[in-house]
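Undergrad: Here is how the chains run, residue by residue.
Number of protein chains: 2
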Amino acid sequence: MRTAYHEELARFGARLGDLARLAETALGQATSALLDNDLSLARKVTADEGAITKLHHLLDAEAVTLLARQQPVAGELRTIVAGLRMSSDLDRMGAMARHVAELVELRHPDQVVPETLQPTVATMGEVARRMAARARQAMAAGDATALTRIEHDDDEMDHLEAMLRRQVTHGVPRPNLDTAMDLALLGRYYQRFGDHAVSLAKRVAFLAGVPPQPART
Amino acid sequence: MRTAYHEELARFGARLGDLARLAETALGQATSALLDNDLSLARKVTADEGAITKLHHLLDAEAVTLLARQQPVAGELRTIVAGLRMSSDLDRMGAMARHVAELVELRHPDQVVPETLQPTVATMGEVARRMAARARQAMAAGDATALTRIEHDDDEMDHLEAMLRRQVTHGVPRPNLDTAMDLALLGRYYQRFGDHAVSLAKRVAFLAGVPPQPART
Chain U
1 MRTAYHEELA RFGARLGDLA RLAETALGQA TSALLDNDLS LARKVTADEG AITKLHHLLD
61 AEAVTLLARQ QPVAGELRTI VAGLRMSSDL DRMGAMARHV AELVELRHPD QVVPETLQPT
121 VATMGEVARR MAARARQAMA AGDATALTRI EHDDDEMDHL EAMLRRQVTH GVPRPNLDTA
181 MDLALLGRYY QRFGDHAVSL AKRVAFLAGV PPQPART
Chain L
1 MRTAYHEELA RFGARLGDLA RLAETALGQA TSALLDNDLS LARKVTADEG AITKLHHLLD
61 AEAVTLLARQ QPVAGELRTI VAGLRMSSDL DRMGAMARHV AELVELRHPD QVVPETLQPT
121 VATMGEVARR MAARARQAMA AGDATALTRI EHDDDEMDHL EAMLRRQVTH GVPRPNLDTA
181 MDLALLGRYY QRFGDHAVSL AKRVAFLAGV PPQPART
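Sequences listed follow chains U and L, in order. Using the UniProt record's numbering, read the first sequence as starting at 1 and increasing by one per residue. Using the UniProt record's numbering, read the second sequence as starting at 1 and increasing by one per residue.
Everything labelled a hint here was simulated from the structure, so no lab data went into it. Possibly wrong hints are sitting among the right ones.
As the list claims (entries may be wrong) - When the alpha-carbon atoms are kept at most 30 angstroms apart in a straight line, the in silico DSBU-like pairs for lysine-lysine are as follows:
| no. | chain 1 | residue 1 | chain 2 | residue 2 |
| --- | --- | --- | --- | --- |
| 1 | U | K54 | L | K44 |
| 2 | U | K54 | U | K44 |
| 3 | U | K44 | L | K44 |
| 4 | L | K54 | L | K44 |
| 5 | L | K54 | L | K202 |
| 6 | U | K202 | L | K202 |
| 7 | L | K54 | U | K202 |
| 8 | U | K54 | U | K202 |
| 9 | L | K44 | U | K202 |
Predicted model only: the values in this text are computed from it and were never measured.
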């Protein structure tokens, strides 16, 4: 009975890992769609986000079942509650990827990002994807030390977002107002994606710091 | 023992109501600070957000304690898990209010919103505040019917956000690029604030629809 419970808990952790991979892939594809002005890839990201939401809801239901099944011990309880939170973070990361893809769809055949700003946006996309990968690996390994690296990435993301803004407002050629508004939102989507990766790493660190339970089961 | 438990559950619900009121007040004050270019009020909103985050973390800890204390029955479990989610929504609503206030601080003594766009932003602020008030009342009363009204408000918010964008890009006088970027983010903050109010109402409706437990304790 207890063993079956632990198997379920392990499966819950594995599914959370699946969700992390989906969010990471979605963001990578959304950035490619954005930079290549690839409408079909953008549509794929938008369509695939249904799978992310579905898995998020499944994890919600599983967490409640795990909580209800038998009295979890303190460490398990923390793991399940943290899992609920991480599932929310990952769902929001999927939503940010979808928002990027939706901008591509909305502006097609026009480009969302002017040529001169593509390098900055490409770097933002790369940093965001790296943050998601690091958070996923930290979750799988219960690695509390990943937080420092992800927070460093987050500083870089903030720097890039500020740079993008300066390039929009002071660069040549000057973008039109519609493009400027799109780029303000785009910067925000990448920044928020990164914030959620930081949040994931914080929860891993929190769980890892609570003896005697292991960080992840 | 069971009675003490139910008292704690009731207190948890009451504190969630307190958090809802704080978020609603923060948004109202942030909008006033924005429209009156009131730096000291903006600073108050930014400073007060610490109280929102603190209460959010307290509710998190209380939820875990409630889950750990004794085996909750199914309805209680759903209430506590929904409470965790609602606490997150309210924390984010507080963050949105803070972002509005931060824009005021950042641009002062300049106005964030040009005179011609103030009526639209004022309406967005009013709709957002109304959504928060409705969500708070729905939470207190376990009123599932509030969802329809709040979703109607949300449609109005989306309409206002689209209108603000058109006014920025096609209005006279034309704002500069910095202002356009600020207004894109501002529109997003109000829209997200409203989304979280919808999310609150959905959770209330979900809880109300689960017999035989009452929606809120």
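Undergrad: Against this structure, judge whether each hint is valid.
TA: Tested hints:
1. K54(U) <-> K44(L): violated, 40 angstroms
2. K54(U) <-> K44(U): holds, 16 angstroms
3. K44(U) <-> K44(L): Given pair K44(U), K44(L) is violated - Cα atoms ~44 angstroms apart, limit 30 angstroms.
4. K54(L) <-> K44(L): holds, 16 angstroms
5. K54(L) <-> K202(L): Between K54(L) and K202(L) the Cα gap is close to 24 angstroms, so the pair holds against 30 angstroms.
6. K202(U) <-> K202(L): holds, 28 angstroms
7. K54(L) <-> K202(U): holds, 17 angstroms
8. K54(U) <-> K202(U): holds, 24 angstroms
9. K44(L) <-> K202(U): holds, 28 angstroms
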